[in-house]
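**Q** Given next are the chains, with one letter for each unit.
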Amino acid sequence: MDWFENGWGLSLIVFLPILGALAALAIPKERESTVKQWSMLVAVVTFGLSLIVAFGFDLGAAEQYQFETNVPWISAIGANYHVGVDGISLPLLVLSTFILVLAMIYSWNHWEEPRNPKAFLILMLILGTGMNGTFVALDLVLFFIFFEVVLLPMYFMIGIWGDKSMRQIPGFGKEMPTRLYASIKFFLFTLFGSAFMLLGFLALYFKSGEFGGRTFDIPTLAAHGAAGDFASWGIAGLVFGAMFLGFAVKVPMWPLHTWLPDAHTAAPTVGSVLLAAILLKLGSYGFIRIAIPVLPEAAKDWAPTIAILSVIGIIYGSLACLAQTDVKRLIAFSSVGHMGFVMLGIATLTDVGINASIIGMVAHGLITGLLFFLAGSMHHRYHTREMSRLGGNLKLMPRLGAILSFTAMASLGLPGLAGFWGEFMALLGAFNPLDGLSVGLFRGAMVAGAIGTVLTAGYMLFMLQKVNLGEPSEEWVGHEFHDVDRYEMTAWVPLIILIVVIGFYPKVVFGATTDAVVNMVDNAYAVDSTASLDVSGS
Amino acid sequence: MTFDVWLSDPVNWVYLAIGAAVLLCGVRVVTSQNVVHAALFLVGALAGSAALMLLLSAEFVAWTVVLVYIGAVIVLFLFGIMITRAPVVRDVGLDNKKARPVAAVVALATFAVLTYTSLLAFGNTEVARVGDPTPTETLAEGLLGRFVLPFEVVGFILLAALIGGITLARRDLSPAEEEERGAV
Amino acid sequence: MNPLVLAAEEGAEHAVELAAGGAATQWAGLMLVSPFVAFLLIIWLGKNMKYKGGEFAVAAMGLNLVIATILFFQNAQGGILNDTHIFEIGRIGLFEGRDLVFELGWMVDGLSIMMYWVVAFVGLLVFIYALGYMHGDVRVTMFFASFSLFAGAMLILVGAPNLIQLIIGWEGVGLASYLLIGHYWEDLDNVRSGNKAFLTNKVADVGLILGAIFLGMGIGDFRFTHINEAAAAGEAGLQTVAVAGALLMFLGAMGKSAQFPLHIWLPDAMAGPTPVSALMHAATMVTAGVYLMARLFPVYQYMAGEAEILGGIITVRGLMVGIGAITLLAMGLLALVANDLKKVLAYSTVSQLGYMMTAVAAGGYTAGLFHLFTHAFFKALLFLGAGSVIHAVHSNNMTDMGGLRKDMPHTFRTFIIGSLALAGIIPLAGFWSKDEILATLDYEGYTFVFWVAVAGAFVTAFYMTRAIALTFFGTYKGHGHPHESPTIMTGPLWVLAVPSVIAGFLNVPGLEFGSFHNFTTWLAARVVPLGDHHPEAPDWGLAAIGLGAAVLGIALGWLVFGRDADTQEARDRLEIPVLYPLLRAKYFMDHIAWAIVGFTMGPAARAMNWVNTYILDGIVNGVGAITMALGRFVYGGVDQRGIDGFFNGVAMASDAAGSAMRKLQTGRVQQYAAGFMVGALVLVAAVAIFR
Amino acid sequence: MIVNQFLVVAAALFSLGVYGLLVRRNAVMVLLAVELMLNAVNLNLIAFESVLRTPEALGQIFAIFVITVAAAEVGIGLAIILLIFRNRRSANVDDFNLMKL
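Protein chains in written order, with the numbering used here: chain A, 1 to 538; chain B, 539 to 722; chain C, 723 to 1413; chain D, 1414 to 1514.
Don't take each hint at face value.
What the hints assert, rightly or not - With a cut-off of at most 16 Å between alpha-carbon atoms, the simulated EDC-like pairs for lysine to aspartate or glutamate come out as follows:
(1) 507/A - 821/C
(2) 395/A - 821/C
(3) 395/A - 908/C
Please keep in mind that the hints were generated in silico from the structure rather than gathered at the bench.
I would like the entire structure built from these sequences, with the hints used as guidance.
**A** Below you can see the structure in the form of structure tokens.
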């Protein structure tokens, strides 16, 4: 397995899905089961490979890139094909391949109209390549390409299989299909951010020429950042801001979040799951992997802004949830709040905070993914998502209701379940932000974030009361509902188990991340904290 | 003084909390469509400002506000509300709706002018008296010493108001009613 | 600082033979795990068993009681110092190259052993009782599963060696409470009660979590032993955050222990089945707040207690004592007017929690915990007795009861024992523990609060007499014919009656049981000296005051309600003007809470949603729409209307000016006032700008 | 603590009072708004006092006078309202526009 260790394993994980998708093109559309089995095989093999990476990963050296490959690619601009994983990206890579498998299991007998499993599965596989690739890319060009690859399949998923209803958009004359509006909004929003992000990348590329050769290589750039090369760069703040726009749209941070409720609500179930579980993490991962190590000084200047926006997102998202009438939209808005905690963790620029954000990402992926699965299954059965019409779900479908209650509890951050650690440690990190950041501001953010957890509990209990509890409304009397079927159970039970395991044994994630995060923060800030102490004015 | 330095003093968190409560109550006093609610929110606003006075170390005045305003004046109001038979439920006709925009503009302008002038006048001046309550003795000496005449005058005004109130509000009974009452 | 050194410095008071625990402390971890095993077994196998899985719950609790009893005796003989077993569940890098370690485990010291034993003992009896009470009810399996979940979470809470595990257990019991209050979730009122309980506690949990962060990050360690040692040693890192941390912790404790004004959830929590009320909302879960205050006692004793807050108006300790005192009297008064038997007991519980909180806050570590200990027995007894009555008459309302002393002799007798113990009649358990609280308040110099507590004792005796008179005396007013409950329910009543009578003797000042010492010694934390006061001998003067208040309460209660409890006149006697409506309305606390939530959250949420839909989305959509609108404007606005519009506009303007001038003279005071304001503003602004 | 933070709250309360004064139809509600304004003035007086620190605590003494006068004002105001109500069966300011009964 030498070739695997030397990096081609990672390439296999990245490109196997897209190769599988190409092969699936050759299978006739009518042979649905063949397409399904083939795609499932590809997804399972990819997941298996990522497990091999996880178990072969040397936790003692989690701060180093392992399974690394670095070969020249576009030599004209010095872009290399450089991939590798470290402790930060490993949990996210495994999560990504894992959720893809679960999404395939779930969609085994859930097909949205117009029914076309082949096309849908091919899009999912392409999405898999994009997601996996983003998490292992160590070259800005490569990162950018994978980052953009995920847009296309998601655009088609929402646009073709999304919500069929019509909607009046203020300012436009005619009604238009919700799914088209949502997909276009999603696409344009993300593209708008990425354009700025690319500008930022190019600025870094040209600037790095002053320090021994222009490069797109992320570790090299991070080394420049650690050495303080970019510290006196006049436009560093602007460059960070450009990257911030690109990543913040994806996270999404308030006020750039408005694409998210529409896209999540309109997307088909599996699309929402992948969007919530993986795609949102690309943004926050970008902050940790690129923006902060490369431009630590600028990150410090921007940190208060990020913290304030995160806190606004937490409070705002929770309050907006309280006003929702649509289950799926409520879950979508809850993502704004939860990702606010993730970003608050990042904004503290400390070991604690960034660890919090990674475990927060993993937990949010598991929990909100499961919530979207459940919302999809409920919509499948009731054909409505209006909470006023639902009620007594626990009586009609005890298992579905029980799992919904469990997931809601996990989502509101109940200690002992995965969601707790992300929230708690983000607050913990905000107590003691990096030296030089305003303690008063971050502690204020901590208090506001803690109040946000109350609001989170409020809307989750509100949702449970409306949907799960009480007597079923008369509309459903006499209906036969089939409780959770075995495909759904197969897709959900692993998520439930993981939520409990991470809740009681967060070391599953921390074990991989902590050394890498400590190394990253030390590199970024230890050097300049002695060199430019008077500048930072702590 | 920068905002974060200001914020790092926990007393200011207390201030923020109380101030927010006061303003919230104040808003509800003038917007509530239920007269009893409005009166009760006035209690909240007054209690909050009493708390602010405590922060400013004016203990005696703060407790006076609590006793006189919350204790006595509000009761008077509730009586007034009951006697005038104001509906104690939501009453949509409580506000002059057409006046709202004008009133809002005037109120905002008031706020803007007042804030501007006080910013102009005081800037970042710190509150001198923190945790050093004014002794009641000082107030007593002031009231019964230098200000004894105004004090008496005010007392007289209060008396006059009392008598005037009784005179005004007393119902002159018709002879028939007078008789009726006498019989009972 | 070395724990043993500290213990030695404290002197002869704790001259117990100190030794590390043996095998029993190793096995103590089983207590934390067995309820969860029972939980899984109940869900897996429970449906088809005779008692729907209650067997597993009882078995697990029985095992726990055995372990807890062994620990109890070992501790009583001075056999256990402070043994902690931990597993690391996570480790992350912290500032200055240190690691922040997250651990789960169990702590075995005097305090936690006492709590283990109370939870296991009362828990086992309530579980057995529930086998009878819940027989034939809906979702019995789910009931026992949630109940086991609660037991596990509670043991995790009291066994927690650090703040993180405490938070896990704390929210775990909150979850179980939510599930069990909403046990009959078909009725949305019960669901709302559950939501209220969860959310009120969540508000308080903000305090707990932030407090944990403040204290934990102050010294970079979440272990109780480390925090308490740092507090006793006056460590600077902790000193800076101690006051904030202590206050936040107290907020958390206020929620769980239902202190005013966060008590509002507890009376509503009575919507759950009665065994739930007995175990969770009377004996164990609600005492978690008091437990937390006791666990962090050195922080209050050495660092935060005397610190002045709010600009020197009050000390931290004064605030805590004050809130406890308000709770104990105000909530006791509410019990006077409640007609629901369970709500009488609920308000009584809140009132007694006020006693405990007052005592612990005033510095009476042992006094507060001793009252916690005795209260668990007699209040669980009273709730189970109430459950037995409710089981028989199928109503919670005391107006449907009466004259039950003949029909339900066992329930009646045990209820009397419990009530006398609660009222504090010598020599029952409540007398000794309440007396100790009074002695503490007297010693620490809280004279006013002392008299409040005496008044509370009077009120307690009064409302319990009323409840007994209405329930057991007079004539029966309900439907059907009530019968005594089965042995499976009366058995636990008699078992609980035993400690309700004798538990008080465990801590009579000056009384020791040979090598077993007494309660004070068992509870003494031997790592950090507590510095609380223990009287050498009973102060019979104080005891007489407390006892006199209780006897007076009973006498007066009997005078008012005794013989003619049925009649309307008896009830009318309580309807004192002003006070009675105020109490019936529960001091308007629910209204106030609802006003706060309803007038802030609802509009805020709608506002946020509005901002999202119309402003943020509006900007996005606007960018798209503006282009089209621009086109329309150029054609429709400029070309078609522009030229005509000018002439029409001139005419309209002059017309409008005329109308406006005419309206100035309206005779309306407010319009004049508006004009006056605007004029004044212009003047002020002019002065300010051109000065 | 800076003095302006209190002055701003007071200004906001005063403005709210102005709003209430102008918008309410019920005379009792108008009086409520006036109370709000008077209270804002008191807050201002206290805040000035905490900066100026006169030896006789003039600001606080003035605040006490204001409270007293306010109490008198409420008493007489309510009495007048009561009188008008009795004669016109209405407590609406709109109906007070004629200076005759």
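**Q** Compare the structure with each hint and give your call.
**A** Now for the hints, and whether the structure bears them out:
1. About 13 Å separates the Cα atoms of residue 507/A and residue 821/C, which keeps this hinted pair within 16 Å; it holds.
2. The hinted pair formed by residue 395/A and residue 821/C fails the criterion: a straight-line CA distance of about 47 Å is larger than 16 Å.
3. Under the criterion of a C-alpha separation no larger than 16 Å, the hint pairing residue 395/A with residue 908/C is consistent with the structure, at around 9 Å.
Violation of the numbered hints given earlier is confined to hint 2; every other hint is satisfied by the structure.
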